[in-house]
Amino acid sequence: MQHPTSETFDRNAREALEDVQLRGALRNLATTFGERRKLAILTVEDWEGLRERARASKDETLAHLDKYLKAFAENAERAGAQIHWASDGAEACRVVLDLIRERGATRVVKSKSMATEEIHLNAALEAEGLAPVETDLGEWIIQLAHETPSHIVVPAIHKSKRQIAELFAEKVGVPPTDDVAVLTGAARRILRQSFAEAEVGISGVNFGVAETGTILILENEGNARLTTSLPRTHIAVMGIEKVIPRLEDLDMFLKLLPRSGTGQQLTAYQSLITGTKRRAEDEGPEELHIVLMDNGRSRMLAHPVTRQSLACIRCGACLNACPVYQQVGGHAYGSVYPGPIGAVITPQLSGLRTNAQLPYASSLCGACREVCPVKIDIPELLLHLRAEVTEGTAAGTADQRGPVKSRPLERLAFKLYARAWASPTLYLWGARVARVLQRLVVRDGRIGRVGGLMAKLAPPLAAWTEWRDAPPLAPRTFREQWREEHKG
Amino acid sequence: MRVSLFITCLVDQLWPSVGASAVEVLRRAGCEVVFDERQTCCGQPAFNTGYRNEARRLARRFIEIFEDGGADAIVSPSGSCTAMVHHFHELFGDDEAWCKRAEALAARTYEFGAFLVNVLGVDDVGASFKGPVTWHDACHGLRDLGVREEPRRLLRNVRGAEFVELPNADACCGFGGTFSVKYPEISVAILDNKIDAIEKAGVRAVVSGDASCLMQINGRLTRNNSSVRAMHLAELLASHE
Chain C
1 MQHPTSETFD RNAREALEDV QLRGALRNLA TTFGERRKLA ILTVEDWEGL
51 RERARASKDE TLAHLDKYLK AFAENAERAG AQIHWASDGA EACRVVLDLI
101 RERGATRVVK SKSMATEEIH LNAALEAEGL APVETDLGEW IIQLAHETPS
151 HIVVPAIHKS KRQIAELFAE KVGVPPTDDV AVLTGAARRI LRQSFAEAEV
201 GISGVNFGVA ETGTILILEN EGNARLTTSL PRTHIAVMGI EKVIPRLEDL
251 DMFLKLLPRS GTGQQLTAYQ SLITGTKRRA EDEGPEELHI VLMDNGRSRM
301 LAHPVTRQSL ACIRCGACLN ACPVYQQVGG HAYGSVYPGP IGAVITPQLS
351 GLRTNAQLPY ASSLCGACRE VCPVKIDIPE LLLHLRAEVT EGTAAGTADQ
401 RGPVKSRPLE RLAFKLYARA WASPTLYLWG ARVARVLQRL VVRDGRIGRV
451 GGLMAKLAPP LAAWTEWRDA PPLAPRTFRE QWREEHKG
Chain R
1001 MRVSLFITCL VDQLWPSVGA SAVEVLRRAG CEVVFDERQT CCGQPAFNTG
1051 YRNEARRLAR RFIEIFEDGG ADAIVSPSGS CTAMVHHFHE LFGDDEAWCK
1101 RAEALAARTY EFGAFLVNVL GVDDVGASFK GPVTWHDACH GLRDLGVREE
1151 PRRLLRNVRG AEFVELPNAD ACCGFGGTFS VKYPEISVAI LDNKIDAIEK
1201 AGVRAVVSGD ASCLMQINGR LTRNNSSVRA MHLAELLASH E
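Those sequence lines, one after another, are chains C and R. Numbered according to the working numbering, the first sequence spans residues 1 to 488. Numbered according to the working numbering, the second sequence spans residues 1001 to 1241.
Keep in mind that the hints were calculated from the coordinates and are not lab data. All values reported here derive from a predicted model rather than from experimental measurement. Built from N, CA and C at the ideal position, the CB exists for glycine as well. Hints may be right or wrong, so weigh each one.
What the hints assert, rightly or not - Cβ pair distances, simulated, as ranges:
| id | chain 1 | residue 1 | chain 2 | residue 2 | range |
| --- | --- | --- | --- | --- | --- |
| 1 | C | Asp66 | R | Arg1156 | 55 to 65 Å |
| 2 | R | Glu1162 | C | Glu45 | 35 to 45 Å |
| 3 | C | Arg449 | R | Gly1030 | 28 to 38 Å |
| 4 | R | Asn1118 | C | Arg443 | 41 to 51 Å |
| 5 | C | Leu97 | R | Glu1165 | 52 to 62 Å |
| 6 | C | Arg432 | R | Asn1118 | 32 to 42 Å |
| 7 | R | Glu1165 | C | Ala181 | 37 to 47 Å |
Chain C on its own, in the form it takes in the complex (with noise of 0.2 Å):
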């Protein structure tokens, strides 16, 4: 199925708009989310000195990254698990693979990990004629709808209780139902097959404990808890990014995830997972294989600017703020990495050149900066990454040779507008000139819908004025009355 790219955000931005319950969906999340994240975060006591310390421990280890990732691996294998190095994202897939070939199995189970959604590993495994089921509730019904997620935390958040009960009907046989309990329960029923059945259960990181070895998932729903416990062998997929240096630094990760995410205080259930079982006899994978995945990390790792970038936790607390997101959702974006967070690290793992329109696709509000837990100043990296779009460095990015494509007429716009207001003489001619020019669009006072000859001269007036009316210049400039009234 062709899903929309990045490259033609602007065109899936306007289809978006258009999507009545779409908006209506993301209005909801924005509601929703926005309030209990406000009542959440009142049950910490200085939640700034909270969002503080986790940065400055992301920071840290991002700055140690080998070394605390070279503890985890040592701790998980003491502790029986297989550690496994993947360079990039084609790399990932083919150890999992390799790993579910080698043992004869075919039937997969997993639950949600943007990581695996990141590389496309279900396509991967389909291709090779194997059928992975999504258990986690929100991604088995993307899964069965041939969509990718919307958003990082609930992806389908997209979709309405009605388009979700047609789906069940269409494809599991489900009689069509508003119920909610109806729907779940029928769900519920048809993965715990899935589960019963599952030979191999693959699952993602929350955090990689460096002390212990120990990874954390965290989950609503127990479908985590299932995929890592029923089946033989569970395969974890982990970015680098994803360790922490001791087990204690959890306290404060699990103050800020949920409340930020969801605005629970805490999720249902929080797997922690050691290795694999110490006896024989005990239940659980018989076992675990840990695969930590680079796919641009540690080249994102290398540049001092966008590195911050990294300390994410994928909490989703950016999405639900941003009015960008609000009004258009996720699959816009084009990148199983939406929203705010998603404009800042697609380019990097993706490229700029066929990213170039995501960094523009915000107003810069800084919502995301306000309630982002390990206060990653999204703002900033927006604003860096628009200019290796124009400036066609592309440093740090996925993109190995050439420039962006450059946009002509908008730099000798800037570059003429910075001349020309390097100058008191040309910037006050420059007016009124214009003054001069505008009576072509100006009627009563202001100027209205430009079109014909006049839009195409000028398009940026023409979206403009399309939904709003634009000011006139006014007859005599601030500076024109100061010297006036200053004269002699």
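Assemble the complex: chain C is given as a structure, and chain R must be docked to it using the hints.
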């Protein structure tokens, strides 16, 4: 207190009366106001669109003009332009000399409302206005400069004007500089949330500290033939209805 007015290109060219109002209010509050006619633009449009060389050129010029104007403070009727001055140092990378100059200048550059309340200690300028008013928090003023309580205190002291807190007052208006014309549909969709809230609030005027937000909000209000006015804080504070 000697104040050098940083008028901003939008106010200079589109709403000079806002500049005149700002000067009047500052004088009423006891300041001597000077205006350096060499000033043009802080370079924010270039910086925000990624044209750093152009932004740097304008920033250098700005610093040179304002740093030895002999004023105690540089005051601007714009949160975003003031914030830009506070971000100047980001344009100078490893150039320590320019960074120092930028930081020194930023330390005495203030947004208009914050200056009245925090520096002059004034929250009542003797203004009067008939009818309910509400406040829109401009994003840069709020999140970059921390301006939130100051304008509300000033508005609450305007005689005759009942201050109404706007739901989601701190939600973006959708302007975002070139965003407003690169992605106009999204810009207007965001704007319409703000417009809905404003209309529901039943106010005579929506007030803000940033001419760019006012251009966005007012543009839609007049296109909708709304009876609500969009006013700059300086205009309201200079009002004597």
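Item to check | Numbers of the earlier hints that this structure fails to satisfy, in rising order | outcome: Violated hint (a single one): 3; every other hint is consistent with the structure.
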